[in-house]
Amino acid sequence: MNVLTIPASLDQQTVDQLLDQVVTIGDGRTLFDARHVRWVDPNGMVALLVAGSVARERHGEPPRLEPPESSDVFGYLARMGFFEQARQIFELDGRVPRRGGGSSDVLLEITPIRANDDVHAVVDRVQSRAGAILVSKLDYPATSVVPFSVILSEVCQNIIEHADGSGWVAAQAYNWARRLGRWVVVISVMDVGRGFRGSLADEHAARYGDRWGDATALEAAFLHGLTRFPDSGRGQGIQQIRRQVQRWNGAITIRSGTARIGQVPDWDDTPPMTEGLAPCPGAQIGIVLPARDGRA
Amino acid sequence: MTELPLDPIAIDVGSLVQRTVASLYSHLVTRQTGRAVRLAIEAQLESAGARSLSLIDFSEVTILDFSCADEVVAKLLQGHLHRHAREAFFVFGGVSEPHRDQIEVALHRQALGMVAETGPGRFELLGQKSPDELAVWTLLEERGLLTPEDVAELLASDEQRAALESLVARRLAFRSPITGRVHALSRLVEHLSGS
Chain V
1 MNVLTIPASL DQQTVDQLLD QVVTIGDGRT LFDARHVRWV DPNGMVALLV AGSVARERHG
61 EPPRLEPPES SDVFGYLARM GFFEQARQIF ELDGRVPRRG GGSSDVLLEI TPIRANDDVH
121 AVVDRVQSRA GAILVSKLDY PATSVVPFSV ILSEVCQNII EHADGSGWVA AQAYNWARRL
181 GRWVVVISVM DVGRGFRGSL ADEHAARYGD RWGDATALEA AFLHGLTRFP DSGRGQGIQQ
241 IRRQVQRWNG AITIRSGTAR IGQVPDWDDT PPMTEGLAPC PGAQIGIVLP ARDGRA
Chain H
1001 MTELPLDPIA IDVGSLVQRT VASLYSHLVT RQTGRAVRLA IEAQLESAGA RSLSLIDFSE
1061 VTILDFSCAD EVVAKLLQGH LHRHAREAFF VFGGVSEPHR DQIEVALHRQ ALGMVAETGP
1121 GRFELLGQKS PDELAVWTLL EERGLLTPED VAELLASDEQ RAALESLVAR RLAFRSPITG
1181 RVHALSRLVE HLSGS
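For the record, the sequence lines run as chains V and H. Sequential numbering of the first sequence, starting at 1, is according to this note's numbering. Sequential numbering of the second sequence, starting at 1001, is according to this note's numbering.
Calculated directly from the structure, the hints in this document are not laboratory data. Just so it is clear, the structure is predicted and the values come from calculations on it, not from any experiment. Careful, some of the hints might be misleading.
[To be verified] Simulated pairs of lysine to aspartate or glutamate, EDC-like, Cα-Cα distance not exceeding 20 Å: (1) H:K1075 / H:E1159; (2) H:K1075 / V:D231; (3) H:K1075 / H:E1042; (4) H:K1075 / V:E161.
Whenever a hint applies, use it, and build me the whole structure from the sequences.
Structure (structure tokens):
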């Protein structure tokens, strides 16, 4: 059995490591050893579901998951609804805890995105919580709940409209005291579909010729708003998400296939383009929205 | 035949959303929902005759995303703009600040304009427009209608008269085929908007 050791801190900065590992793992069943995880954020949780799905698809049987030993991390995963999703992918030892009451900083528990109704459910669900968190933690105006909901709607629709596969979304507010000295909201949306290159290839690959690849596909969608649809009204979703994230001085990155593109402010040192990653299916979108300047 | 061969109808988008997605909420999100709502609006227009004026009411819509703004607003306008057999005019009511950015983006993307009620009794011309179009539309909005004599007197330049023709062609103003008078759409839906 392959053993894949999950990083102790499973977040935006380490998910590439997890995804790279899972796509290069050898034949045979995989054990995801998460026993020593001490910290996990929405990117980490959702990436673990993606990694499990990749392993399951590749080997034709459910991988095993050893859950974190830390009661704090285990309890947090339970509150975020991780185990309800994980039991559909992994073989889990022992009883699967049900989703408990969310902590006050949970914006959105892990929610599967498979169809139109799921996006409506996400938008409905964040209405009651987003306002309070965006105002009290990020010092955003009360009206920001609308553009925040629109971001979530558009980013989730990316899965339905383009991925041709299922995915998940989750969001949580954190105090990034050491890293940024501010509160942030972290949004993670990931799928195991065909990725940006797969979505755009039929319509756009020919004009790029030899340059066509994951990086050019990401640039085409992220920077130029291209989609697989000829309709000129399409392609606005990601463009407008970028614009709103920039207004809030936030960061957005999208990994798809072997590349990752990003639009990051000066507080984030993520490069605008990374190539040479292991070819992970689907697309993995991470958004970080920081508190307004001066808000500790 | 009256001067205004139009029978304005009111369409409540909020209730269409609830019926379309069987939700208690009036969030106009996702392209699929937008498409369903647009088709429901178009179905209502089918019974409205060859020339129609519709007040599309957004006042019960809380969240409007970019995909729905494209489907419900831009595609609805685009689809009727060049249909000569069925002349449809639209005013969008209950357009509030949380809707504005999404609607403006969708309109500009397709070089469209629309008349919107953005507050009680306050109408604006949203989307793409030239400075002359905006000036002439504002004059028309203030006066309610322009007779051919008004046009000769008040629109001094060729550019302004061309702007009026453009507003009529873009269905942002209505010219009576009987009298040639040009009407502000806002006045024609006044009795429906509750303002």
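Taking the hints in turn, this is what the structure says about them:
no.	hint	result
1	H:K1075 / H:E1159	29 Å, violated
2	H:K1075 / V:D231	10 Å, holds
3	H:K1075 / H:E1042	11 Å, holds
4	H:K1075 / V:E161	18 Å, holds
Comparing the model with each numbered hint stated earlier shows that hint 1 is the single one that does not hold.
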